[in-house]
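*Asks:* Sequence lines, in order, name chains S and P. Here the first sequence is numbered in the working numbering, starting from 29 and rising by one per residue. Here the second sequence is numbered in the working numbering, starting from 166 and rising by one per residue.
Keep in mind the hints are simulated off the structure, nothing from the lab. Check the hints yourself; a few may be wrong.
Said to hold, decoys possible - In silico contact screen, one side only, chain P against chain S (beta carbon under 7 Å); selected entries:
#, residue
1, P223
2, H244
3, M319
4, L398
Said to hold, decoys possible - Beta-carbon label-pair distances, calculated as ranges:
#, chain 1, residue 1, chain 2, residue 2, range
5, P, T388, S, E235, 41 to 49 Å
6, P, L365, S, K77, 31 to 39 Å
7, P, D235, S, S34, 51 to 59 Å
8, P, D235, S, K124, 28 to 36 Å
Where a beta carbon is used, it is the ideal one built from N, C-alpha and C, also for glycine.
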Amino acid sequence: MPLYFSEREVVLPGQLLSDDDKRSGEGTYVLGNKVYAATVGFATIKNDKVCVIPFKSTYNPQPGDRVIGVVIDVKPNGFDVSLGRHLTATIRIPDKKEVQALNLKVGEVVYGTVKESGLRGVFLETGEKIKKVTSGLLVSMHPSKIPRLIGRRGSMINMIKKETGCDLLVGRNGFIVIKGPSPSNEFAALSAIRLIEREAHSQGLTERVENLVRSILGGESHGEG
Amino acid sequence: MVKDEKLKLINEEGTRIDGRRPDELRPLKIEIGVLDKSDGSAYVELGKTKVFAAVFGPREVHPKHLALPDRAILNCRYHMASFSVDERKPLGMTRREIELSKVIREALESVVFLEEFPRTSIDVYIEVIQADGGTRTAGLTAASLALAEAGIPMADLVAAVAVGKIEGHLVLDLCDLEDKYGEADMPVAMAPRLNSIVLLQLNGRLAKEDFRRALEFAKKGITEIYQKQREALRKKYSGVSLMEV
């Protein structure tokens, strides 16, 4: 079956990708037995399906994703948690005592794992997997840029942690909690995040982030700079 | 301008008041990603017509009871800045702007996959900065680009242009004077890849044969605009490589 794109080509909505409607994957749609691109992105083949990896997309929760949310409602049988933007997740706890034991209030931040996501809404895992975040700096960035913040096998995030001495909790939904030894370290980590958000598309970013962090922290303790 | 002085919109050689041929578009300029705080944005300049479009969402619906359980709602606001026209336009939505918001919304609804985002709203804001005819079409052209930049799945881009009749001649992409003093003005929007017309309005009169020819004219203009839209999107993402996504 012929394909009408080269691997990793930038495709635009409405662009014809394939004649085989069975190969329609993520980011594509089928019309009259043909596969077309639905978003702007890179065309690629994943598991024999034609897919488009979008440049910018909304966060679509997948089971197992680690997310950070802000409690927006406390109910007798659980909590409602905002995941930013339009997403609201629910934590359902059948036992009333357990709800009270968590002692969460509106406005507090939790670090959790997505259990289920579908038409009925997003649900987070309960029990051990839900953690209250008690201190730190809560910042947000566009969810589509989170993979860039983490980097290949965590290269970027580990570098930031090492250089700034901060602990970073990253939620796939775009919320990040920075916890550092001093405000200036936290500021350095935040600046790094903002730089990544602005220049996510460019190459050699890890190096530039490293330089930025070092220049902010100057001759202070962390790193060689 | 003296009222009874005869305004000549097109001369014998077929040259229009601004020096264009009948089937010539005004100079088109497209920029994508111009507004920081929006999820997607575009700026379209068609001659003296200047339009911004911004897309927000999918986000929570306000008021909440408007949310649909099976798909997103598309909110659209077409608005002309008070300084966009010769005589100051009062603030707020006029009857005309409310109507245009509706037809633009319906045009976009036919290409956007709303069912991907149940219980949310996608908000499209179109702001006309300077108006010289063809603002709804330029607005629609910009809005579809802003939606594409926001990463909202859609079947095709929408390109739009107006055709009309002035002093017996069919012309493409009318400017304000041609719109006001001409015999007919017909804005057309299409999803070119799907070959479907998503907006068609007509002010004035066109004979059946004229209408057919006008539609052919519009298709030609739309193809040209569509090409420019795709170029602009390609240019925006030309330096991106896969590792960074």
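*Asks:* Confirm or reject each hint.
*Replies:* Against the structure, the hints:
no. : hint                          : in the structure
1   : P223                          : holds (5 Å)
2   : H244                          : violated (24 Å)
3   : M319                          : holds (5 Å)
4   : L398                          : holds (5 Å)
5   : P:T388 <-> S:E235: 41 to 49 Å : holds (44 Å)
6   : P:L365 <-> S:K77: 31 to 39 Å  : holds (37 Å)
7   : P:D235 <-> S:S34: 51 to 59 Å  : violated (37 Å)
8   : P:D235 <-> S:K124: 28 to 36 Å : holds (34 Å)
Against the hints set out earlier in the document, violations occur for numbers 2 and 7.
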